[in-house]
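Novice: Here is what each chain is made of, one letter per residue.
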Amino acid sequence: MNFPRSLFSAWNCIFAAALAVLFLLVVYPMFSIFAASFAGSETGVFTLDNYAQVFRTPFYLRCLGNSLLMSVAATLFSVAAGVPFAFFLTRFKLPCADLLRTLGALPLILPTFIGAEAWLLMLGRNGFITRFMEGAGIHFPGIAGMHGMILVFTLQFFPFVFLTVSAAINSVDRSLEESARNLGAGTLRVLRTITFPVIAPSIAAGGLIVFCMSIENFGVPTIIGGGIKVLAEQAYSEFINELGGNPSMAGALSSVLVFITLALTLLQKLVIERRSYAMSALRPPEVIRLPSLPTFAMTAYCALLLFLALAPFIVVLAAAVTESRGPVMYYGSFSLENLRKALQVAPRPVFNSFFLSTTASLIGMVFGMLVSYLVVRRKGISGYVLDLAMMLPLVIAGSVLGIALAATYNRGPLALTGTWVILVLAYFVRKTPFAVKSASALLQQVDASVEEASVNLGVPPLLSFLKVVVPDMLPGIIAGTIIMWVTTLAELSSTVVLYYGPWATMTIQIFQYIGSGDFGPASAYGAVLIFSVLLPLFLLNRFLGKGTMPLGNG
Amino acid sequence: MAAITLDGLVKRFGALTVVDQISLAIKDGEFFTLLGPSGCGKTTLLRMLAGFVTPDGGDIRFGNASIVAVPPHRRETGMVFQNYALFPHMTVFENVAYGLKARKRPAAEIREKVGDVLASVRLDGFEDRRPRQLSGGQQQRVALARALVIRPDVLLMDEPLSNLDARLRMSMREEIRSIQKEFGITTVYVTHDQEEAMAVSDRIAVLAEGRLRQAGSPWDIYARPADAFTAAFMGDCVMLQACSDLSGRTCVEGMPLVLDIGEIPDPPFTVMLRPDWIETADGRDCPNRFTGIVQESIFAGAYVLYRVRALGQEMRVKAAAPGNRNFMQPGESSEFCFAPDRPVLIR
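From first to last, the protein sequence lines stand for chains A and B. Following the working numbering, the numbering of the first sequence begins with 1 at its first residue and continues without gaps. Following the working numbering, the numbering of the second sequence begins with 1001 at its first residue and continues without gaps.
Please note: incorrect hints may appear among the correct ones.
As the list claims (entries may be wrong) - Straight-line alpha carbon distances no greater than 30 Å define the calculated DSBU-like cross-link-like pairs of lysine-lysine that follow:
1) A:Lys437 x A:Lys269
2) B:Lys1113 x B:Lys1101
3) A:Lys379 x A:Lys467
4) A:Lys467 x B:Lys1113
5) B:Lys1113 x B:Lys1027
6) A:Lys467 x B:Lys1104
7) B:Lys1181 x B:Lys1113
8) B:Lys1101 x A:Lys467
9) A:Lys379 x A:Lys341
In case anyone wonders, no lab produced these hints; they're calculated from the structure.
Working from the sequences, and respecting the hints, build out all of it.
Specialist: Here it is in C-alpha cells:
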C-alpha cells in the first residue's frame, strides 16, 4: 500500500489519532514525571538534587540494591529452572508432555501477588507448614523476605524462559545438528558447539523478560518482602504520602526504574536480537526416546517444578472455603462465609474488576487491531515511531505509569484523577501492547497483496481492511483481547496508585485484606480472580487451539 | 477496454530512481508485456497502473482520461497477483463474486457471471472449494477469473506463472493468451522470463534499471535488438568485431563479411548473432563461411548445442538434431556459416 496519496485518507487519519492517543497517555505523562525529577522539591527550578539524593541516601541506595539483587537472582534462578524444563520437553519423549507444556505457561497469567499470599499461607509466620514444623520442633524463620520474593518470581516467571527457549529449539532445523554429527562431532560436542550457542540469544531474551517483570513488580515485594523496600514500591510511597508527599523524589525513583528496564530492552534489541538465529525450520529437531530411568527423572523434574509453581494457587482455593478469624485459619473446617462476604455482602469490587477490564479490553481490541495494521504495513519511519510509542508501556512499571497519569491529569481540562476513566485508560495503555503483538504476528503472515486485490476489485481501503484482513487476523485479535482481559483483572500495580474509594477492584481488596492479615476474605477474592482468569484461557485454548500463549502481568 | 498511455513516468524510492522517464503507448486490446531482470522497475510500473504506487512525475491515461488522481479502487483494473492473493476465508465463488458485490450487482447476475467466468477458466464445479483445497494451477485460474469477471478496462498480471512448475507454466501461458484474446481486454503482463514474454505477447517492452530499452513485437526484440543489453537479455548471443582489412573490405578475423541488413556504417562495429542462426555448411557454398573446432557438444533432444572455437573466440552454435547418432564430437573441425540477412548491428 502506498499511503501518501492523500494527506487525509482514512488510514492517515487513524494513524494521526493513534499517535495522539499514545502521546497523551504515555509520552506526555512520562515526560512530565521525568521533568519533575529535575525540579527542586520546593523551588521548582532545575536541579540534579533528587538524583544526588537517590545515589547518596543509604535508604534509597538500599532500595536500588534490593531491586537489582531481587531481579538478578530471580533471573538466574528462572534460567536455571526454565532451560532444562524447555530442553527436556522439546527434545525428549516424555509421558504427558502435552499436559506439562500447557500447564507450563499457566504460572504467567496467575497473579503474582496471589502466589505471594499463598506462600505466606504455607510458610509465613502463621503458615500451616511453619506451624507443623514447629510442632515437630523445627524452627523456621518464615518465608517473608528477600528469599521469598526470589522464590515467587522464579516460580511464576520461569515460563518466560521456557517459552522463548522451546520456541528457539524448535526453530532450528535438524539438519544443523545432523551436519555437525556428519562432520564427526559426538553428542556432547554437538550440544556444546551447536545446540547451546544457537539457543543462547533466546535464553538471554527470556531472562531479560524475567528481570523486567521482577523489577517492576509491586505486589510481591509489598506482600512477601517482609519490610524489604524496592524501587517500584518506594516510588509509590513517595508519591502517595499525603503529608510528606514528594513528587520530585517519586519522579526520580521512577526515572531510575524506567532507565534500567529501557537500557536492558535496548541492549536486547540492539545486541541480542541481532544474534538470533531463528529460521523457519522445515524439520524441527528429532524428539529422542530415552530408557525409562532418565525419562522418569526428566518427567519428575518438570512435574515437580510445575507442582511448586501451581500448588500455591490450590492452597488459595482451599483457603477461600476455610473458616478464618483474621490471620488464623481453621484448616480442615469448611465454610462458605468468605465467599459469601466477597460475592454477596461486598460484590462491588467484583463488578468493578469486570466492568473496568471489559471496557479497557474492548477499547484495546479496536485500537490494537488498527495499530497493528499500521505498524506491520506502514514502512519507514512513521510505522516505526508508532510501534515505539505503542511498546513503550512495556518498559514502564505499572506503579510508575500510574504515578505519571495521576500527576498529569489531576487538574485542568482533563481532570481524570479520581475517576474510573483513568483506571480504564491506564489498563488500556498497559495491556494493548499484548494485543498488538498478538495481532501483528498473524498479520505478518497475511500478504499485503490480499488487501490490494480487494482494493483493485473496487472496495475502498478501510472497507477492504475490514472485509479481507480482519477475518485473517481474527484468531490473533480474539487471543489478544482475552489476554488483555485476564491480565487487566489481575492488575494491581497501577490500580493501587489510581483507584479511589468506590472503584476498588478485587485486586485492591485482596491486597488490603492481606495487609490487615485477613487471609480468609483475601483468598475468597483470590479464588474468584483465579477462576475468572483460567476460564477464558481454557476456552481460548479449547476453541482456537494451542499456541495462543498468555503473557505476563504486573 | 482502453488504450493506455504512459507519459514520462518517474518513480523514486529515496535516492533510487526505479522508473525513469518511461513513455509507452499500449493499444486497445493489446497483450503488452513488461520484461526485464529483477529490479528493472517493471513491477513498480504495473503497480502504478493499478494505483498502488503514486508516480513522482509524468502521467498515465486510460483512453483519454488521466487516472493518476483516481484511487486504486475506482480504476477499473483487474489485477492478477504473483501469489494470487486469494481471500483464504472465502470460497472460490465468494472470491470471484467479490468485485461484483462491491459493484452492487443483483444476486442473479452475480451467479450467472461467476458461473460463466469459472466455465471459461475450466473451474465449473469448484465454486464451494476454499483456496487452500486447490492446486497452484487452479488457484491461478481463480485469480484470473476474479480479475476478469468485473470486465475491467485493463487486465494487469504480475508474474502470474512464476509459482507454477515448468510444465504447467507452458500450458497456462497458452491458456492465458487465448482467454485474453477471447475477452479482448487490454492486458499488461509482467515477467522476467523472455521465452514466456515472447510466447504470450503482441508487443514487449524491455526495461533495465528503470529505463525503457526497446519496445516492439517479439520478433523485433529477439531478432532486431536495439542494444547489447536487449540482445543479451533475450537469449544467447555471439558478438563479432568487424574491421576493415588492407583492401578495404569489412572482415571478421580475416573472413569477409557479407551483410544484407540495410545501411552499413564504416567499421569498426559489432555484429550480433544468435547461436541458432549459425549453421553447419555441410559443403554448401555459402557466404560468411568459417572454420571452427568443436570443443564440446551437448545433445538436448530437439537440438544439439556445440561449443565451437572459431573466428578467434569461443561461440555457441545451436543446430537441429540430426536423424542419427552422428553429430559432431569434441576435436572435430567443421565449416559453419550464417545468412547475410541475419546479423544485427549493435551500437
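Novice: Hints broken by the structure, by number, lowest first?
Specialist: Hint check: 9 fails alone, others pass.
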